[in-house]
Amino acid sequence: MFKIISDGACDFSKDEVKKYNIDIVPFYISFDGLNYLKEGIDISRKDFFNRLVSDKTVFPKTAQPNPQDYVDIFIPYLDKGVDILCITVSSKVSGSNNSAKMAVDMLADDYPDRSIVLLDTLNGSVAQGLILKEIIKMRDAGLSLDKTTQIAENIINSAKQYFTVETLEYLKRGGRVGPTTALVGSILGIRPILQVEDGMISQLDSVRGKSKTLKLIEEAMVEALKDDVNNISIAIGHVFREEDANALKANIGAGLNIQIPSPLVEMGAVIGAHAGPGALVFAYCKKYEEV
Amino acid sequence: MANIGIWYIIAQILGVITICFEFTSYQIKDKTKYFLITGIGSFFWMTMFVAIGIATGMSTQLSLILAATYSTIRNLVFFRVFSKNTPESKEAGLNFLLVMIVVAIVAGTATVLNAPAEVRWLHIIGLFTALAFVIGQYLPGVHYVRITVIFYAIIVLLTQTPLNILYGDFRWNIMGILIEAAKILSVIIFYIRYGSEPKTAQLKFAKP
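Chains as they are written, first to last, in my numbering: chain X, 3 to 293; chain P, 646 to 853.
These aren't lab readings, by the way, just hints derived from the structure by calculation. Quick reminder that beta carbons are idealized off the backbone N, C-alpha and C, glycines included. Everything hinted at is true.
These stretches of chain X come out as covered by chain P in the derived footprint (C-beta under 8 Å, 3 or more residues):
{"no.": "1", "region": "157–170"}
{"no.": "2", "region": "210–223"}
Simulated DEER-style distance windows between Cβ atoms:
{"no.": "3", "chain 1": "X", "residue 1": "D57", "chain 2": "P", "residue 2": "I792", "range": "38 to 44 Å"}
{"no.": "4", "chain 1": "P", "residue 1": "C665", "chain 2": "X", "residue 2": "S188", "range": "38 to 44 Å"}
{"no.": "5", "chain 1": "X", "residue 1": "G176", "chain 2": "P", "residue 2": "I822", "range": "47 to 53 Å"}
{"no.": "6", "chain 1": "P", "residue 1": "I792", "chain 2": "X", "residue 2": "E245", "range": "30 to 36 Å"}
{"no.": "7", "chain 1": "P", "residue 1": "I746", "chain 2": "X", "residue 2": "G176", "range": "23 to 29 Å"}
{"no.": "8", "chain 1": "X", "residue 1": "N159", "chain 2": "P", "residue 2": "K729", "range": "23 to 29 Å"}
{"no.": "9", "chain 1": "X", "residue 1": "G176", "chain 2": "P", "residue 2": "Y836", "range": "36 to 42 Å"}
{"no.": "10", "chain 1": "X", "residue 1": "M202", "chain 2": "P", "residue 2": "I654", "range": "50 to 56 Å"}
Please construct the entire structure, taking both the sequences and the accompanying hints into account.
Dropping the structure here:
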C-alpha cells in the first residue's frame, strides 16, 4: 500500500479527499499580492469566486505550493514506512511539480529505503482529478506502486481536456488574451474553446454564441469517444454553471448511450481564476483496466 | 502600341491566374490555407491592375492597385496570424483588422463622396459589403466569409458594368466580372459539395 498525494489543482472536494483517503498540497491564492491564502483551507472555492466576480479591479494570483509544503505532508508517511505516489498539475503551467521534485531531493538522504514517485499529469483541474481517481482505483485494487506508476503514465498520455469560457474578461485579466481580443470577442459573442495539449493551454477553436458552442462540444465529445465508451472515464466540470454542466452531461451521455457516472466537478482556483465563472470543462482518459 | 498590346495580354493572363487562386480559396475550409491562397490571388489581382495601368495609363488604375494591395496585405497578415495561432498573434491580428476597417471606412467614404450622384448608392452598399467581408473573413467558421463575399462580389461585379458610370465612357470589364463571378461560383460549388458531404463534427476533440 502506498499513499497518494496530489497538489490542489486536482479540484477534489473536501468530501472526496476524505472519501478516497488521499492528501492534498494546496495552492496559494492572493488578491493583493501580499497576503497568500491556502485554497480550501484559508479560503473556500465559493468565497474565492464570489470575490473574483465582485472585485473587477484585481486579478488574484495563484502560487504553487513550496517545497516545504510537500516535505511537511510527505514526512509523516515516510516516518510510518509508507511509500508515496504524488501527482501534480502540468509542470508547463505551474512550478508545483518542481517544488515537489525539490522536496523529494531534500528527503532522499533521510529516507533512503522509501520511494516517492512523482508524476507530472501534463494536465490540471478536471483531467488531473480523473487521472487521480484511476490511480486511487489501482491502489484500492492492490496494485503495487511500480505497476500503478507504469499504468498511470499511460493514463496520463490518454487524458484529454477541453474547456470553454463564458466571458473573455478573466482570460484578459490573467494576461492570456489581449484587450482587443477580449473587446472584439465580447462584442461578437465569441467563445473560445481551449485545450490542454502537451501540458500547455492553447486555443483549439472559437465559436459564436453559447448554444452553438455547447452543441459543437457535445458533437465533438460524442465523435471522439463513441468507439471507446466502455474504456474511458469522463468528467465534466464548471464554475457556477451547474445547470449547463448537467445538461451537457446528460446530452453527451445520451449521444454515447451511457450514463456518465462521475459527479460534476466544481473547478478550483488554479484554472478557474483564468477561466472565470461560466467556464465549462470536459475531460476524459482511459480506465486503468484498459491501459 | 505593340507594347500596350503585350501588357494588356499580360493583364488578362494575370486575371486568369487570379481567378484560379480565388476560385480555389473558397473551396478550402482551413482558414490558414484560405488566407494564403486568397492572399496569393489578391497579389495577382494587384499585378493585373499594374499591367493594365502600364497598358492604359496608371492614373485610372491607381485606386484599384491600392485596393488590391490593401487586400493582399490584409490576407497575408491574416495568414500569418492564423498560422502562428498564439494569443499574441491573434491580438496583433485583431489590431490590424481594426486598422484595416478604419482604412476601408476612410477610403470607402472618399469613394462615395467622389462618386457621381447616380451611382452613389452602389458605392455606399459597396462600403458596407466590403466592411462586412473584412469582418467575415476574420470570424470563426466556414460560413461568414462565404456569405459576406457573395454580397461583396455582387457589388464589385456591378461596378465593372455600365451600371457604374463613374468613368463616363465605362464599358464592360469582362475580366473584372469573371473574377467576381468565379468567387460567387466557387461559393455555390462549395455549398453543393458541403451539402453532399457526410455530416462530421465541425469541432474535433482527440481520441483518448
